[in-house]
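*Asks:* Let the hints inform the model, and build the full structure from the sequences given.
Chains as they are written, first to last, in our numbering: chain A, 2 to 165; chain B, 1425 to 1683.
No lab work stands behind these hints, which were simulated from the structure alone. None of these values were measured; they are calculated from a predicted model. Some hints could be false.
[As the list claims (entries may be wrong)] Derived lysine to any residue pairs resembling SDA-like cross-links, with alpha carbons at most 25 Å apart:
#1 K1459(B) with R1499(B)
#2 K85(A) with I1537(B)
#3 K158(A) with E1473(B)
#4 K1459(B) with L1651(B)
#5 K85(A) with A72(A)
#6 K1436(B) with A1521(B)
#7 K1459(B) with I159(A)
#8 K1459(B) with V8(A)
#9 K157(A) with L79(A)
#10 K158(A) with A1521(B)
#11 K157(A) with L1651(B)
#12 K1459(B) with Q162(A)
#13 K157(A) with C1472(B)
#14 K85(A) with A1521(B)
#15 K157(A) with E1519(B)
#16 K1459(B) with D1471(B)
#17 K157(A) with A36(A)
#18 K85(A) with R1499(B)
#19 K157(A) with R1499(B)
#20 K85(A) with L1651(B)
#21 K85(A) with S1503(B)
#22 K157(A) with P1478(B)
#23 K1436(B) with A1486(B)
[Said to hold, decoys possible] Residues from chain A shown here face chain B by an in silico Cβ test under 10 Å; the list is partial:
#24 R32
#25 L83
#26 P87
#27 F93
#28 P98
#29 M145
#30 R165
All residues carry an ideal CB built from backbone N, CA and C; glycine is no exception.
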Amino acid sequence: MSSEIFVNIFEDGLFAAIAAIGFSSISNTPRRAYAVCAVIAAVGHAVRYVLMAPDIAGMHIVMASTAAAMAVGVLGVLLAPLIKCPAEVCLFPALLPMIPGMYAYRTVQALISCMLHTGEAAFDRYLSLFAQNGLTCTFIMLGMVLGANIPVFALKKISFQATR
Amino acid sequence: MKMQNSSTISEKCAFLADYASWLWGCGATCARITKNTARIARALGIDCELTVMPSHVELSLAGADGADAAVYTRRTGHSGISFDINARLSRLSWEIADGLVDFPEAVRRFDEIKRTRPTGQWEVLLLVGPANAAFCRLFGGDWAAMLTVLVATLAGYPLKQTMIADGRDLRLTFLCAAFFSAAISAGAWIFGWGDTPDIALATSVLYLIPGVPYINAVSDLMAKHYLCAFSRFMDACVLTACLSAGLCAGMFILGLEKF
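*Replies:* Below is the structure:
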């Protein structure tokens, strides 16, 4: 059981790292930052996985995402001086694998279903799904970006001197 | 002598305004733009104020000791989001502040940074495909879904690159690329590939999510640059709406009974 959890955490981190490298290349990130982005993304996603796992912490996805994003933010600020890049360069791509894509998709799907179904029962069901997914998606995004940006401003001396 | 001084000050102010506009253009946060520009201004001995607006930056030079007051306005947005340019411009600001480069050398380096080449198209394509497939896995997609997403991304991303290179409207570009990727990944539904075709469909367009503007918007909000925060947030929302429309159009045209 415990070895299975470690495998899952490793797998989660590995795929988050691959995703972070790809998304950082879209934003023209310097090549020297790829490895750091990958490590931070892996740690961030693994932290969220652990916090959300029912057997371990069992936290809600919003709280877990905020805490994981804060870990990503702290790591980004601390590791940025090593590669002489602004903190954002490291932590923004590392944050992208945590974007709640499925919630966003289900929100759009439920919204369109609301428009297409005129029956009251079906409309209410899809409206409820729309609100549920939309709120979760919004609060995850908000928690993530706030959590990642707080360390940048809290550790100003490090984050704005990384390229010195 | 006075004429020469005033010309030098004007050159320095023009440099500062250009510098700030390029930082905005490459996707730096407002906090970084104001800090970096103020750092260079201090090193160059310029007493000025920088106003960062959503579509332009304005550098106001206070008139003192007989010098003329002046305002230097530059439009923002030159390079598209580039963390490479952001990092190099930030390093330049410290090199000037620490006295490692003089003003003519700083201008030369700035011109060099402006010519920074973006990451190669093939390199990005080869990295984005597996990245989006990995993203699909993170959402619980199986191997068939990952493969579908890989193919949909490898087909949709070049369309985005080509349309941007042709100077097409960014919103239209996002809509078309999302439509194309969604239409391809809808194959997983139609032909029954794997057990998670819905995850394949949902994640096939996620390489288009404008994550950096969303994050920058909150950073600007925290730094009290409300106008820029709102502008970046709305830009990101419009692009997200376009990719959602492309996704829905792709599903409708292939007759998926998902609604």
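*Asks:* Look at each hint and say if it fits the structure.
*Replies:* Tested hints:
no.	hint	verdict
1	K1459(B) with R1499(B)	holds (19 Å)
2	K85(A) with I1537(B)	holds (16 Å)
3	K158(A) with E1473(B)	holds (22 Å)
4	K1459(B) with L1651(B)	holds (18 Å)
5	K85(A) with A72(A)	holds (20 Å)
6	K1436(B) with A1521(B)	holds (14 Å)
7	K1459(B) with I159(A)	holds (13 Å)
8	K1459(B) with V8(A)	violated (44 Å)
9	K157(A) with L79(A)	holds (11 Å)
10	K158(A) with A1521(B)	holds (15 Å)
11	K157(A) with L1651(B)	holds (22 Å)
12	K1459(B) with Q162(A)	holds (10 Å)
13	K157(A) with C1472(B)	holds (23 Å)
14	K85(A) with A1521(B)	holds (16 Å)
15	K157(A) with E1519(B)	holds (19 Å)
16	K1459(B) with D1471(B)	holds (14 Å)
17	K157(A) with A36(A)	holds (23 Å)
18	K85(A) with R1499(B)	violated (28 Å)
19	K157(A) with R1499(B)	violated (28 Å)
20	K85(A) with L1651(B)	violated (30 Å)
21	K85(A) with S1503(B)	holds (21 Å)
22	K157(A) with P1478(B)	holds (24 Å)
23	K1436(B) with A1486(B)	holds (14 Å)
24	R32	holds (8 Å)
25	L83	violated (13 Å)
26	P87	holds (5 Å)
27	F93	holds (5 Å)
28	P98	holds (6 Å)
29	M145	holds (8 Å)
30	R165	holds (4 Å)
Figure legend: structure checked against the earlier numbered hints; hints not met, in rising order: 8, 18, 19, 20 and 25.
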